[in-house]
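Asks: Position 171 of the sequence shown, counting from 1, maps to 171 under the numbering used here, and the rest follow consecutively.
By construction, these hints were calculated from the structure, which means they are not laboratory data.
Hints may contain errors.
To be verified - Listed below are the simulated DSBU-like cross-link pairs for lysine-lysine, each with C-alpha atoms no more than 35 Å apart in a straight line:
(1) 441 x 587
(2) 63 x 366
(3) 216 x 366
(4) 836 x 1027
(5) 366 x 441
(6) 457 x 441
To be verified - Derived Cβ-Cβ restraints for the label pairs, each shown as a range:
(7) 747 x 526: 31 to 41 Å
(8) 193 x 747: 33 to 43 Å
(9) 789 x 478: 28 to 38 Å
(10) 736 x 160: 44 to 54 Å
(11) 747 x 479: 56 to 66 Å
(12) 193 x 848: 54 to 64 Å
(13) 193 x 910: 22 to 32 Å
(14) 841 x 338: 27 to 37 Å
(15) 447 x 297: 44 to 54 Å
The beta carbon of each residue, even a glycine, is placed where N, CA and C say it ideally should be.
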Amino acid sequence: YVAHTDSRFDPESLRRMVRAYQAVQPLTIGELWAIAISLRILLVDNLRRLAEQIVRSRAARHKADELADSLLGLGKDSPEDAAASLRRLSPTALPTAARVQLFQRLRDQDPAASPALRGLEQLLAAQGTTAEEMVRLEHQRQATMNVTVRNVITSMRLISWFDWAQFVESVSLVDEVLCERSSFGEMDFATRDRYRHAVEELARGSNLTEVEVAEKAAAMAAAAPLADAIEPSLADRYRDPGYYLISDGRSTLERALQVRVPLVARLRRAYIRSATSGFLGTLVLVTALILAVPLLLSGDGSAAGAGILVVAILAVGPASDLATALVNRQVTRVLGPIPLPRLDLDDGVPSRLRTLVVVPTLLISKTEVEAQVGALEVHYLGNREGDLRFALLSDWLDGPTEHVSGDDELLAEAAAAIDRLNERYGEAPGGGARFLLFHRKRTWNEAEGCWMGWERKRGKLQELNALLRGSLTTGMLTSGRTASTPPMNVRYVVTLDVDTRLPPGALGRLVGTIAHPLNQPTFEPQAGRVTQGYGVLQPRITSTLPADHEASIYQRIFSGSAGIDPYASAVSDVYQDLFREGSFTGKGIYDVDAFSAAMADRVPENALLSHDLFEGVFARAGLVTDVELFDASPSNYLVAVARQHRWARGDWQLLPWILGRARDATGRRSRCSIPAIARWKMVDNLRRTISAPFTLATLVAAWTLPSVSAGLWTAVVLITVIVPAALPVVAGLLPQRQGISKRSHVRAVGADIALAAAHVGLGFTFLAHQAWLMIDAIVRTLMRLYGTRRNLLEWRTAAQAKASHDVELDLAGFYRQMAGGVVVAVASAVLVLLLKPGAAWIAAPFVGLWLLSPLVARWVSLPPRESAAEQLSAADVGALRLTARRTWRFFEAFVGPEDHGLPPDNFQDDPRPVVAHRTSPTNIGMYLLATVTARDFGWIGTLEMVERLEATLATIGRLERVRGHLYNWYDTRDLHPLEPAYVSSVDSGNLAGHLLALSNACRQMIDQPLPVAAALAGIEDAIALTKEAAG
């Protein structure tokens, strides 16, 4: 191909050549991917060959120059003898390039004075050619080489830019087979590539070609029962080739193909098949091994046996933390992340997958309403492709009566804001409002002693699902407005928290994932839950970058990695990787029908506060780790622990389901069994809530019980806390990517070590308070659960908690809120001094930290101090204003009617004055802001500013555009786009930002006329500029 095209890369000709070749001999998928690198290698080798020819020709010409010099006597006393010269002109002695060079050097000489030229012409005549023909052929050869070199360089550049993935898929016979018999072509590239890798693996393990493997998988899918014979979601799953390539049908296909499965793969599958017993057994074994070490070191004296036994039982808590961290890390390292398959919805969500995005919220104040509607608009602007609707799902605050003063005003404010959005962006695809508001009335709750939204967020989603399926008995208020009419045929709902940020394109990826045939949920009525596929998908949640005024030390330490990682894709999660199930945390997408069926009459009223994990168990949650949402993390320690307290109460409210003694909404004993691993998730949440109390109890017992080594068991606790924090540091000691400098890597490792140390240090500092807090949550929940049955739905929003704790960050307030931990510290100190004074030196550092924990908590919760702005001297101010005035002089002089109010790109003063009559969106935006600034500085009046802005904006309205975007360069005199015409996303973004700033500046001017002082200062600047110009 390279030889026939003279190293010229043409995608279409290459595609035809590959297809023609495969008509005789099919290429493997690996061979198709190797075409790109093979072309690069061949082109480089071709360039090497040409370079060698150029070097040889250059050397030959140099040799010819030496010969010409000797013949002409240059640098010698006399010319070389002609007879000797003729002997050196044989074809074997001089190549063609040398003879051409020699001829060109000698042709202007007198033939009588240079016999060598006559001899050269005679030699060429004997060979049947002439000197002129020889020169023509050599020049033609050089021109051909130049063209080839140019083709090689151009082809290398085009190859680097070319979409090889699209090329491979267009010529792949495997893709052709899979596309013909399934929705393979509708999937995203990562999913299609995963199918292809499976085909490659199966072909390597069998005696069949890749095409034959693909045909067998497609044939088995085609032979599966149709939707009218079995449940539709099962039919879709079985009739997709991916079911046999990457899902549960893989073993069936392997048996049909007689594939030889490697031993490592067989062992991995065996562990996954026995995942529950294997995983839990490993946890128990590792925990026992951790405790065995200090028990062996403690000896077996009978006097110390009882005390050691007590300490060992208490140490199960911290030991299980270490065991869980070790086992989880090893399991995820061995298995690796397996992303869920996905449909490609880059062109938008189709109507058959209509999706509603809802934000459950409370109407607290007009400011909050405005912020929430604004966030809803941002969600839409980042994810506007396809049939998507966006809604606020709102309640009023709890109240003593059904209606409270101010309710109607808040609801009217929210409705008006939603209506404005609908007016601005128009109807949704398929008709109806794009933005919606569903608001619920208050109902009396005897257990909570107030009027409130039924069952809080869980009730909101349950009533929303009923409303979407036509129910008329929900608590939603009806107003007859279009924006409160539920859309028809909504298949999926995406639920977000108020402070959740939705990145561009995330909605399409979520919908594409849950809509893939292998992920569609299958509800099993007998089990009462989704047993295959996923009824709900949970994306990865990352902390948002903190605002400057909120970036406390606590937030930086405990928020984890913040912002977008451009290198991250799917990440590991032990439950998703091992059990193919994740944990729902309340932000994700769910199938309306499957979710409703799984949760129908599942929970009695006033019984469940933390419902996300519970819903994920019955609707079967999947974790989508390659789709990322962003959530705010608390900057205040007290806000964070208030949330932890609420989570702990919610976890312990699941105790009836863990013990199998729960009742459903009808009051009957729940008969639906909870899978073992789901039950373990609930138990593991309880284990985490008792970790801090057990760790604290272990330390106090070691310091106070006689015949128990305080130092040994304190060291055990230290290890169980330090090692889990150190595991990520150890994993990051080696660079994870190439191209990272040693200095940058060492700096990153140092930052990881510092972060881990901070985690450990603050963890021990807050241990006493955490233990008190968890005990309070557990006792409070058990009393309510089995005693009073009241206040089980006690809950405050994150904004409410933040507002209550951020009013004052005084030290007394922190000591008051954390008094329980201080009491525990004092009690521990007293017990140690009374029962085992010899251990006081070991206990003292811990007790000291606990006593100072409110002080530390306040310190890490404080917002950053605002550095005082440096005051400029009068001379500095004058110099800066004069520089700005000179800058404005450019716009003042060159922006006028000749350029249609557009700023020229530059003015050249030397060697002669030239104005560059072209402009870009960035130039225009800078001029607009400069005009407003010139008015603020007093250099122009408000009227002149308005005239200049109107002239420029009018011109912008006449410029030729592409989908609303300005081209990057225009001629300012006739306004035509300059060639090559293109759009710069950077310039478009600059102009958009400048227009926003201009809009805000103009609004402020309505209430802020130009002060007289600013006008006088502008006159002074003009005088100073005139004096400077005058010399």
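Asks: With reference to the structure, classify each hint as holding or not holding.
Replies: Against the structure, the hints:
For the given pair, residue 441 sits about 24 Å from residue 587 by alpha-carbon distance, which is consistent with the 35 Å threshold. At roughly 90 Å between alpha-carbon atoms, residue 63 and residue 366 are farther apart than 35 Å, so this suggested pair is violated. At roughly 62 Å between alpha-carbon atoms, residue 216 and residue 366 are farther apart than 35 Å, so this suggested pair is violated. Between residue 836 and residue 1027, the direct Cα distance comes to roughly 87 Å. Violation of the 35 Å bound is thereby established for this hinted pair.
Straight-line distance between C-alpha atoms of residue 366 and residue 441 comes to about 19 Å, which keeps the hinted pair within the 35 Å bound. For the suggested pair residue 457 and residue 441, the alpha carbons sit about 13 Å apart, so the restraint of at most 35 Å is met. With their beta carbons about 57 Å apart, residue 747 and residue 526 fall outside the hinted range of 31 to 41 Å. For the pair residue 193 and residue 747, the supplied restraint of 33 to 43 Å holds, since their beta-carbon distance comes to about 35 Å.
For residue 789 and residue 478, the hinted distance range of 28 to 38 Å is satisfied, since their beta carbons lie about 33 Å from each other. In this structure the supplied range 44 to 54 Å is violated for residue 736 paired with residue 160, their Cβ-Cβ distance being about 25 Å. At roughly 58 Å, the beta carbons of residue 747 and residue 479 sit within the given window of 56 to 66 Å. At about 57 Å, the beta-carbon gap between residue 193 and residue 848 stays in the expected band of 54 to 64 Å.
Separation of residue 193 from residue 910 is about 57 Å and departs from the stated range, judged on CB atoms against 22 to 32 Å. The hinted range of 27 to 37 Å is not satisfied by residue 841 and residue 338, whose Cβ atoms lie roughly 51 Å apart. Range check, residue 447 to residue 297: about 52 Å between beta-carbon atoms, so the 44 to 54 Å window is met.
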